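Engineer: Chains as they are written, first to last, in our numbering: chain H, 1 to 743; chain Y, 1 to 87; chain L, 1 to 87; chain C, 1 to 226.
In short, the hints are calculated from the structure, not lab data. Note that this is a predicted model, so its numbers are computed, not measured. Think of the CB as a built atom: it goes at the ideal place given N, C-alpha and C, for glycine as much as any other residue.
Pair by pair, the computed Cβ-Cβ distance ranges are:
(1) C:G108 <-> L:M1: 42 to 50 Å
(2) L:M30 <-> Y:G35: 42 to 50 Å
(3) C:R31 <-> H:E322: 27 to 35 Å
In silico lysine-lysine, DSBU-like type, Cα no more than 35 Å apart, as pairs:
(4) H:K47 <-> H:K373
(5) C:K105 <-> Y:K43
(6) C:K36 <-> Y:K43
(7) C:K105 <-> C:K36
Partner residues aside, some chain C positions facing chain Y, computed with beta carbon under 8 Å:
(8) H54
(9) A57
(10) F66
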Amino acid sequence: MTDRGLALSLGLTDDEVDRIEAILERDANDLELAMFSVMWSEHCSYKSSSIHLGRLPTEAPHVLVGPGEGAGIVDCGDGVALAVRIESHNHPSAIEPYQGAATGVGGILRDIFSMGARPIAVMDPLRFGPLEDPRSRWIAEGVVAGISGYGNAVGVPTVGGELKVDPCYAGNPLVNVMALGLLPVERLVLARASGVGNLAVLLGSTTGRDGIGGVSVLASAGFSADAEVEAAKRPNVQVGDPFEEKRLIEACLELLESRLAVGVQDLGGAGLTCATSETASKGGAGMDVWVAAVPQREPGMTPVEVMTSESQERMLAIVTPENLAAVLELADRWDVRANVVGEVTGTGRLRILSEEAGVVLGDVPAASLDEDKPQYSRPRQEPADRAERQADDPGRLPRPTDCGPDVLALLADPSVADTTWVHRQYDSQLFLNTVVSPGADAAVLRLKAPGVPAADGSKGIALSTDGNGRWCSLDPRRGTAMIVAEAALNVATAGARPLCLVNNLNFGNPEHPEVMWQLSEAIDGMAEACLALDLPVVGGNVSLYNESQGRDIDPSPIVGVVGLIDELDVPPPAVELVDGGVLILLGGRADTEASLAGSLWADLLHGHRGGELPPLDLARTARLCRLLAELVFDGLVFGAHDVSDGGLAVCLAELCIAAGRGVEVVDVAGASALFSEAGGRVVVCADGDGAAAGITRRAVAAGIAHQVLGSVAGDRLAVEGMVSVPVAELASVWRRALPRLMG
Amino acid sequence: MAVFEVLVEVTLRPGIADPEGATIERSLPMLGVSGVSGVRVGKAIRLTVEADDEAGARRLVHDLCERFLTNPVIEDATVTVAAAVML
Amino acid sequence: MAVFEVLVEVTLRPGIADPEGATIERSLPMLGVSGVSGVRVGKAIRLTVEADDEAGARRLVHDLCERFLTNPVIEDATVTVAAAVML
Amino acid sequence: MGATVGVVVFPGSNCEHDVAEAVSRLGATARLVFHKEASLGAVDAVVLPGGFAHGDALRPGAIARFSPIMAAVGRFAADGGPVVGICNGFQVLCEAGLLPGALQKNRGLAFLCQEVELATVSARSALTAGVPAGTRLRVPINHFEGCYTASAATLAGLEAGDQVVVRYVDNPNGSAGNIAGISNEAGNVVGLMPHPERASHDLLGSEDGNVLLRALLAGTGRSLAR
Ligand SMILES: Nc1ncnc2c1ncn2[C@@H]1O[C@H](COP(=O)(O)OP(=O)(O)O)[C@@H](O)[C@H]1O
Ligand SMILES: [Mg+2]
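From just these sequences and the hints, can you work out the full model?
Structural biologist: Okay, structure coming up:
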């Protein structure tokens, strides 16, 4: 008799148990239940989201591997490919910020090098509660220290990210990590267990009781107010070991380079169960796993514990018997533990045996865990108060005559303020690739990596991650389109053309119809923007149940966009201004009133979150991205910054601060034009009127709205009739904000 | 009123992996050392505490451990009152 | 042959600055804690040592401390043999 | 034909490829030497690169000094061969007793990845031979444990013996005497926290590191003639 009580406690519904019994054509034993429960958890199965994810565009000629594998892979030419992936580690980071973030970095890197790619960069979009609150500060400190402690030690530079703060993240911070890797196309290997008689070799750390059921208990449920319930989750906390991972990276890349492994798969969520069943089912094969052969960190571990442990820094390599000796020798050179824990069979079944040729403890169709996952079309419903909120336009809010104080207030907000306090703790320079470091719109790297000779560094890539829960809470569809546009623009300002996008869908409880509506809308908005901007979606992650004490977070999709720079021989324009420079707004005009809906100004200075987001012309944004890349290539742009949080005001202020120069801007139609966050806009700096005329001419030709805003002059941010603040004052407010908050 | 010399030993909870301890242990053969196992690395925090009596000192330090010196999710603390000087 | 549970407390030598201890001490008022001073942060390393007798265990661990567990430029070590199990 | 630089690779090292790239751009040949090797082979100079050798377990460099290759490095140094430890390599050299003093956690208790300004002091070390004292260089640091600490006597000895190689113009980590790098008495063994290889290309924002790397490579001629 299947133990339905146990099934329930493992997070399986009655219907799911029926489904399991149907698949097995008999009752399920406890081990089998545990294996299904982790594989069918929200985290591993995407059971609430998969029916919607299909709407994302994933195809392009240069996409070698789309969503579904360890990482997405795109062709960069010259036989070089880029592996890209984004993951979240939100729930673990709320419980043990340092280890939660650290293991988040470790986990995503394994996805990258399991594909044969050398990890070359990490980006870390972060969301915390207000930093005035000691607990949020503790979480922020721990998370940043964890990313620093793991990322630096494992030898992968962290080249950018985001830091945003909002009360909705106080009980449930967001820790997303994007990672990139480089590989020679011919090394491209997909995790497959083919070849009956091939051996499954477990590499890396021993298996302990840590992280048992992490995906089902931790990643697939919210945080309750009940201390008991929370305490029950505690044994799940895992500790990262960057030194083990570093040796694993070197060993695995050597394994794949020397063709000693048929396939390599990382052990992440759902541990051995996931790795063995996925490699087997994708290879159309079966697998026997020998529990006693798995090196165990603690005495008396049960088969369930061994099969579902999420101990970190482990990889599964599929190896032919002839190569085994060579594999073990290679592993030994790097002091990496290597044990044969099973073999590939032709049965199509995943069998768990007590030991080699031992008793069969569990026997399920390998594909059933992976491919027969349940899919739910959960009820969706537009929030009841939506119409009301949209009607409540911030246009009615009092506008200051002197906007200076508001500009300073915006610059002091952690979502806008200088993030040096964060990224100074990250090694952002390893591999001598980082041409534009954290602090600019996009990070820019030379395209090269150890062990990838075909990439000589003459090309470059630009990366940006963006998200905006404030926009998305007003309108998840348009808000998501706006963040895709922002990321694409950030990359374009570096002179790059769009290559691909990865996304992390951080949402609340999918059992709330409003949350499912948000998720579905966000996916549609992303799909529309990606189609318009030529951005194939090559990977993503869905993190649900981001809620605490019954309150869902704002819909918080986060996207990472990668662009390719064909010739990187001079540094691309930074957030910079040159003497005698002329400022041009591209993608819109500022001499007419604009919508303040969704703006940081309305939220921060008036606690107002209503209205209808400003319209976004995706076709025009696509043209703007192309124009920007051309202008940069032609060397006409001497500084650039996109208009985002805080609107034109903050964009101009950040340009002044970075350059240590003032600007004199005219024809801005009041506070609404100054603080509106209408998307798809960039301010560029041309060196003189002639160059400016050239740029505006090309904007006209491309059918892109624009406005010459003024010139680089003096030592103040001067906007006629509205703002006049010394750059020095802007700079000190902007620079001191985060250090002051973090103490 | 008295002054107490207190030692707080912060250790990883049983079952929580200790990569540093494991790495140290694995390196011992390279040093020609054998017969050493179970290496675990923790913190030894020494404090001087003013309190009416030892019980008071312990209360104060335990509270400090809970709220500040450890993350109870992964760490345990053992408090030893080493010496006491009456005032 | 016997097995000894050993605690090695690694402390910073007198006169060597201890920023960690200082930071903890500085943040105590914010936590509303008073009467705590002289905070010093060191390491607590636990080992299991096999040796013929306690003296042998101590010799082994002292040698380990000198060559490895401490950096004599900045650190001292105190060795405590906690428990012994005869084999 | 240019010098051959042996770059030691410990498990956990991560700057070995960067050092190799930087010295290669200056015409040298880089050879990676794995820590389990007993010999360095035919090299004209040795670099212990940055990273986290043996995971920095216990203390940075505490385990690495016992790696088999370190005996060969010690002999090479004793014969007057140029040995440079960068960042983690500096920590290894101190733990190995090839350089005096120790590196503690930064006073601010935070990892620091940033460009700093350096002033060269000694003009005779393997890394600064022929570089006029007081030369200003912009080079990145990237460490958590870079606060140089030593007894008053040792510090006095370093100053008196012209063993201070580079100083921070604006001390980022609390190092005694603003020391960013030192040498042994002979000057052939040098350790420094900043990363010259990270300032070796105009696209990286500074090429000042090449001043130091060139001095190292130029010096190998002399040490060969030895
Ligand atoms: N958590 C972080 N880690 C690393 N870099 C960060 C982080 N947060 C922000 N940054 C850097 O600070 C700069 C400003 O961030 P942000 O305002 O989000 O840029 P944008 O709005 O142009 O996307 C970016 O270069 C980003 O890489
Ligand atoms: Mg931007």
